[in-house]
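Participant: Letter by letter, the chains look like this.
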Amino acid sequence: MQPLSRAVEVFLLLQSLSVVSCTFSDPDSGPSAGAGAGPAGGDRFKIEGRAIVSGVKSQEWVSSARVLVEGGEYVGFLRTDGSFAVHDVPSGSYVVEVISPSYRFEPARVDITSKGKMRARLVNYIKTSEVLRQPYPLQLRSSGPHTYFMKRETWGWTDFLMNPMVMMMVLPLLIIVLLPKVVNTNDPEMRKEMEQSMNMLNPNPELPDVSEFMTKLFSKGSSKTGGGSKGSRNAALKRR
Amino acid sequence: MFNLSRAELIIHIKNLPQFVGKVQFALFDTHSQASKKLLVATEKNIFASLNSRTGDLFWRHVDKTGPDGHINTLMMHGQDAVVVVGNGRLLRSWETTVGGLNWETVLDTGSFQSAAYIGVQDVVRYVAVLKKSAISLHYLSSGHQKWVENLPESDTVQYQTVYSGGNGQVFVLGVVPNSHIVIVEYNIEDGEIMKQKSVAAPWLSSLQSSCVMVGSGVLLCADPTTKSLYTFPLQSADQTTMTPILLESLGVEVAAGFQPVLISTQPHPARPPLSEFFLQLGPDYHILLQLKDGLVSTLRDFNPSYLVAFATTGEKTVAAVMSPKNETVSILFILSNSDPFHLHTYSVIRANGSNASVINLYSADTGRRLLDTTIIYSMDPNGGKPLYIHTFLKKDDSVGYRVLVQTEDLVLTFLQQPGMVVWSREEALADVVTMEMVDLPLTGTQAELEGEFGKKADGLLPMVLKRLSSQFILLQAWMSHLWKLFYDARKPRSHVKNEVTFETLSRDEFNLQKMMVMVTASGKLFGIDSKSGTVLWKQYLENIQPNSVFKLMVQRTTAHFPHPPQCTLLVKDKDTGLGSLYVFNPIFGKKSHISVPALPRPILQSLLLPLMDQDYSKVLLLIDDQYKVTAFPSTKNVLQQLQEMASSIFFYLVDSSQGRLSGFRLRKDLSTELIWEVVIPTEVQKIVGVKGKRANEHVHSQGRVMGDRSVLYKYLNPNLLAVVTESTDSHQERSFVGIFLIDGVTGRIVHEAVQRKARRPVHFVHSENWVVYVYWNTKSRRNEFSVLELFEGMELYNSTVFSSLDRPRPPQVLQQSYIFPSPISTLEATLTEKGITSRHLLVGLPSGAIVSLPKMFLDPRRPEVASDQSREENLIPYSPEMPIRTEWFINYNQTVSRVRGIYTAPSGLESTCLVVAYGLDIYQTRVYPSKQFDVLKDDYDYVLISSVLLGLFFATMISKRLAEVKLLNRAWR
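Protein chains in written order, with the UniProt record's numbering: chain A, 1 to 240; chain B, 1 to 973.
Since the hints were derived computationally from the structure, they do not count as laboratory data. Model, not experiment: these values are computed from the prediction. One or more hints might be untrue.
As the list claims (entries may be wrong) - Subject to a maximum C-alpha distance of 25 Å in a straight line, what follows is the list of computed SDA-like cross-link-like pairs (lysine to any residue): (1) B:Lys-574 x B:Leu-639; (2) B:Lys-64 x A:Arg-50; (3) B:Lys-960 x A:Pro-172; (4) A:Lys-127 x B:Pro-860; (5) A:Lys-151 x B:Leu-936; (6) B:Lys-714 x B:Asp-859; (7) A:Lys-127 x B:Pro-821; (8) A:Lys-151 x B:Lys-931.
Please construct the entire structure, taking both the sequences and the accompanying hints into account.
Facilitator: Structure follows, in structure tokens:
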């Protein structure tokens, strides 16, 4: 087991080989973001943007939404028109996300150089150095409401009939009924061939056969029948 | 088995209690008459709007924790609320109906002193913010800065107050302690200094504590040493000294320890303050004074009075005075009011004795008591504090009012005249520290049955009779239950009352409903019904130090009828380490009368043993700093058991300041001996956390079946400790997170791993045979999960008993890491009764969502390439990034802000785990990690099943008949 875990570590290392240092050297870096270096000193900046939910008035959702930079290290609030600014952020690279219990927003990564140049790009946790530029100031468009619930499975006749298990049951049944009529089973050569093919179907002779197991269990006495079937059901559940 | 239908679930969700914490500022939206918004700013850096009719939240904005998000002041004008945040760093204006920002401005650094609205010609246009060395003026409409000016000589003068009388002047007042007051007048248009004056005041040290502005621009200060008031009109051209007024000349008796506090009011920011003001002469003594033409006159004397406040509506200003209730006044009051409601309140007051207080309104300009304005309420007078008084004009032109009161145990109560509690909120619940879930007691009939088996045998015939009678009782209960079901079924669903009281409180069939015992940081205990969220009992422990550490233990569960259940709370002072025990009944909240051992020495460790005394309460051992052990309860029986067991009782101590972990064994005389010691050098790394396994965790799956049908046995060491360390070097290239797995009995380091380029926040869970930990990867700037799983191998060394002392082979350790695409607030694992159900990890996110993440995703045996065997085992092929699906959010859109902890408890159903997430809000739900395999779905199709069964039955009948006919035919042939 040891080699396996090591292999995984190596894999992870490969994934994160290249580092994005805090100060990236990108000559044509984004809009000349002279954006609001705080008057106090040159080392604090503000991240600006706008969150948009198309088709919904901003008044309906801004009160429950917040802007989290790096998971709450810096917090911003939305204006009544959906725009936001997060103040007092030092230079670095941050994941900016708008969180709302009702609408889903994609996060964005914002890089701020020590001189205050800004750029936004897609968040990619695997290839952290990859740059897929996004507009700055951020334009975060909601991709719709959150789906919290899975659709309940409904039951219909077509589902039942199209179920692969049912298909698998129906087809052999047809073969069992139809095949003897088509093929002459009295022919000894044919019979031999069929036996061979049946053996092929059972792939692993070492594996205990479920049917065999069941017959053994049933033959012990009818009193144990209930227990046996229950056990197998439990096993099935566990495996799920 | 329909235990939770959809409708019920939704009701469940809607009742999420949301809290705000201890309120600092409260204001009522007076913009319109029909308004019902109450704005509060709290110590938890929260700005929220409450519905004044119900006490529910309209909206709530949770800022970041710490001083950066601290709300310095809250002002209201029209529909907009102006808030200064983070020691004057940010100036925000909120639109209060929508709950969105109007604008936000960054201010210069410098410690915040005060802020004020500046009005020009009856209209409020600007807001002025005074910092330690600068003043800035901002437009109220946009937040843009009009001007900012440095204050003259700000290194010697402490500027503390900004004042505007409404006619376009801006005065900044500062003081040089024990020397003079500096008054600077600024031009409102360009910030130019118009006038600068200094007035001698050698007795004054702080403006904020002893001076107020009264009337049209008069500075009023109180001097405790000469027992006099000083006045100074700001606009006077020639006056250079303050005019003293001796308090004795007003006919006021002044006590020796006179600490004067002045309270004045400026109802409209564009107009000068009123000339009336309060002077507090003692802790319970206030007088209402008036300044007219430079002369001070007494309007009314309030002795005794706890608190006073001004309130304004329209043109009227009133003074509200809270005073202790004395019987004579109340009788007079009742004589004057013949209405039955007051009689009712009176009876309540009598029952509560001296805890009652009265609030009365007085006209501010005359000091006359306004009729019909008395509110009597029964709360602790020392803890109660009217935060905000909102007055309004009634139809008959008299003044009505509402009071928001906050008590020491953090209950917010909104009172309305006459003496009615409109709503109350338990804000202590915003700060839950620890909690436990306790099974509810059995119902009377169930208890009766239990009692039968519990008692000693007393003859054959009485036993038979008892048996029969209890069976009869059961039958009776069942019949009444059926009747109730039938009766309820006829009523529409919404009419069925689900009120929870102590009488209806009983364990349900599957033990899903439990009592949540919550301990809050303020020292208030709560008992909450887990089904409805109703607070059933509360208990305020006084004299709790603010930095106390709490540990809650269930010593006796409800299973031992007739012994009452028993919980023990260990309260430990963080600084001194001195502890105290509080023993109570978790179902009713009553303090138990069991004598508690005195704990004179600091407590280092406490452990609850599975041993029980003859009353079925588990034994609690407390280890003090001299490694002496105190047992609670310490009856003879317990001590005897302890002596027998002593050689197998081990415990460990952690000293994170010295990086030392040490293991001890109990001796027969309740002293201890050191067995092992592991020192983690503090120069390199420090211990972040130590976690053992939960005592109530069961594992009923000894191993994992592999693809080739062999079994990989789990290393299930119940004594294993997971120790997480963090490097002291925080440089991103050299920082690391270390994890040690140490056997708590022998001190052997079972495994050790180091995660390089990692730093905090570290969260970890230790359960079964695995440890999952989360850290921040400094190199790739992302959160990563790592899972360690321990296996014994293909065969068990000793399959019957696990002993730490007899384990020759070290376990095999597998590890895998994954990227988690979000930061994490807290981490916990699900827990079920028998440990058969697969596990989920519950991850609290900063967004407030709780994700139920299948442990299957965190399996170090996930292969890089799927093979037949791994498919057989249902292993998911490895992928570096873990998904977060919103379908996995167990709290849907009911986010739990600032989630601090997640508590899991097993229920009576193996498939179901009860989950409580607490932070600012409390959310309780059930999770089914392997789906509800032991419960029929609520839409289970009985009709289909029975029709299929019937169909099959008839088909067999018919085919049997047909077969018979066929056989007969064949026989004839």
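Participant: Now tell me if each hint is right for this structure.
Facilitator: Going through the hints against the structure:
Annotation: proposed proximity of Lys-574 (chain B) to Leu-639 (chain B) is violated, straight-line Cα distance about 30 Å (limit 25 Å). At roughly 20 Å between alpha-carbon atoms, Lys-64 (chain B) and Arg-50 (chain A) fall within 25 Å of each other, so this suggested pair holds. For the given pair, Lys-960 (chain B) sits about 24 Å from Pro-172 (chain A) by alpha-carbon distance, which is consistent with the 25 Å threshold. A distance of roughly 22 Å separates the Cα atoms of Lys-127 (chain A) and Pro-860 (chain B); the hinted pair therefore holds under the 25 Å criterion.
As the CA atoms of Lys-151 (chain A) and Leu-936 (chain B) are separated by approximately 18 Å, the hinted pair is consistent with the 25 Å bound. Taking the CA atoms of Lys-714 (chain B) and Asp-859 (chain B), the gap is near 13 Å; set against the 25 Å cutoff, the hint holds. Note on Lys-127 (chain A) and Pro-821 (chain B): the hinted pairing holds, with a Cα-Cα distance of about 13 Å set against a maximum of 25 Å. Our distance criterion of 25 Å between C-alpha atoms is met by Lys-151 (chain A) and Lys-931 (chain B), whose separation comes to about 15 Å.
Hint violations for this structure: number 1 only, all remaining hints satisfied.
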